[in-house]
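So the protein lines, in turn, are chains U and Y.
Residue 1 is where the first sequence starts when you use the working numbering, and the numbers rise one by one after that.
Residue 1 is where the second sequence starts when you use the working numbering, and the numbers rise one by one after that.
Certain hints may be false.
Listed below are the simulated SDA-like cross-link pairs for lysine to any residue, each with C-alpha atoms no more than 25 Å apart in a straight line [as the list claims (entries may be wrong)]:
#1 Y:172 <-> U:62
#2 U:152 <-> U:105
#3 U:152 <-> Y:82
#4 U:164 <-> Y:126
Worth flagging that the hints you see were computed from the coordinates, not collected in a lab.
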Amino acid sequence: MDITTQKVGWSSSEMAQNVARDIHDGAYVNLGIGMPEMVAGFIPEGREVIYHTENGLLGMGAVAAPGTEDPELVNAGKKYVTVIPGAAYFHHADSFAMIRGGHIDICVLGAYQVSAEGDLANWSTGNAEDIPAVGGAMDLVAGVPSVFVITKHCTKSGEAKIVKECSYPLTGKKVVSRIYTDLAIIDVLNEKLFVRELAPGVTFETLQQQTGAELHLTQQTKTHDEKK
Amino acid sequence: MINKIVDSAAEAVADIFDGATVMISGFGEAGSPVELIHALVDRGAKNLTIVSNNAGSGHVGLAALIENRQVSKIICSFPRTTISVVFPEMYRRGEIELELVPQGTLAERIRAGGAGIPAFYTPASVNTPLAEGKEVKTFNGRDYVLEHAIKADFSLVKCHTADKYGNLVYNKTARNFGPVMCMAAKTTIVQARNIVELGEIDPECVVTPGIFVHRVVEVANPADESKLVAEERRYPWT
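From just these sequences and the hints, can you work out the full model?
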C-alpha cells in the first residue's frame, strides 16, 4: 500500500481537463467567463472544436498577445481575443438564435449553486447591495442541449454548492447536464445526481458529506483508489 | 436625392428630445459610438430611456451621459463591469431605474421592434425572478415567457464603413447590437470610420441595408473607450 502523502481532489487545471475530455470532435462550444475559459487549453489532440462567444463570433482563438489587442475584437468577458481561420462575425440576434435555437452543442458555466434536479443559480446572490446583472446566462441554459457546470465542490467557507434546492435566484430550472468539481464528476439524470467519477483520494462517503443533496453511486462510477 | 451624410455629430443628434428612448450600440467598448454619445451629452436632452447592453465604464461615453443626469431609466443585460462606477453609485442611491433583461431576450426584443413583431415567447428566464409578472405559455410541453418588442425614437450606432445611402459594414465584434438597433428606431444615427462612394461597398457584403439608417456622420479616428478610462478622462473634457 502506498503510504506517501496522497493527493486529494483535482486542481483547477485538472477540472478543466476533465471537461475538455468530454467535448467531442466537431462540437460548437460556448465557454462562460472565468474557470470555464480554461477548458479551451485542454482539448485533446485530434479534436476540432469551434468556440462561440455570444457577442458575435464563431471561431474564437486564443487571448490576444500583448501589443496586438484590438478593442473591437473581444469575447463575452470583454477580454481581447483572436480569431481562427474560418471564423465568422454576426450580430447579437443571430448569435442568440444560435444559442436559443439549439445550434450550440455544449456550454460550460460556473455556478453559485446547483440543485439535485439540475437547477442552476449563477447570476445573483440575491444580495440587495449587489448590482443585478444577468448577461447571456439565462439564454444559454434555456437553449444549449448540454450544460456543463465547472465549480469548486464547496464555497470558500465550506458550504455545499450542490444542494437540495437552490437558495439563490435561479438562472434556469432543470438545465444542468453534468457537474465537474474538484472532488467528483456528477451527472444529473432524471432529476437525480449520479456520481460518474470520484477524484483521487475522495470516497463516496466524504463526497456525500460535502454535498447538500443525495448522491447515487452506479456500477459505472469510476474511482482512482480502489484496490483492484 | 438621397444623401444621409451629415457634417457633424452635433448636427446628427440635434433633435434628440427630453424623454426620448435612445438605443446605444456596443458590447462594452466594442461598437460603442462614443463621439455620438458625447454629442448627446453636449445637447443635454434629459429624462432619457437608454437601451444598451451595458451601463458604461469610467466617466466617458455612456457613463458620462448617466453621470450628467440625462438618463432616468436604462434597459440592459449587464450594467456592471470591473470599471463601472457611475451607474452602480446612482442605482444604489435610487437615482436611476433599471430594467434587467437577459442578453438574448434584449437582442430579440430590439429585433422584433424593428421587424414589426409586437411580442414573442422565449424559453429564457422561465422560472426565474426575471419572468415574474409575465405571461407564461406552454408549447409542446415546454414553458415560454412572453416578451414585448422594444422600439426607440433614436438609435446611436457605430460602424466601420458607410455610404450616403446608409449601407453599413461593421468591424469584428463591434457589430454586436448595431444591426438590430438600426432597425428598431424612428431615427437611426450612425458614426462611421469612413464614408465611401456608392458602389464601393459590395452589395453582397452590406450588413445593414441603408433603408434602416437615416443619418451618417464620419468619425475617422474614434476614441478607444478603454484608453480614455485608463487615462481617467472625464466628459465633458476637463
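Hint consistency between residue 152 (chain U) and residue 105 (chain U) [alpha-carbon to alpha-carbon, up to 25 Å]: The hint holds at about 24 Å.
With the threshold set at 25 Å, check whether the alpha-carbon distance from residue 172 (chain Y) to residue 62 (chain U) stays at or below it. With Cα atoms ~15 Å apart, residue 172 (chain Y) and residue 62 (chain U) stay inside 25 Å; holds.
With the threshold set at 25 Å, check whether the alpha-carbon distance from residue 152 (chain U) to residue 82 (chain Y) stays at or below it. 23 Å, holds
Holds or violated: residue 164 (chain U) with residue 126 (chain Y), Cα cutoff 25 Å? 20 Å, holds
Checked against the numbered hints above, the structure violates none of them.
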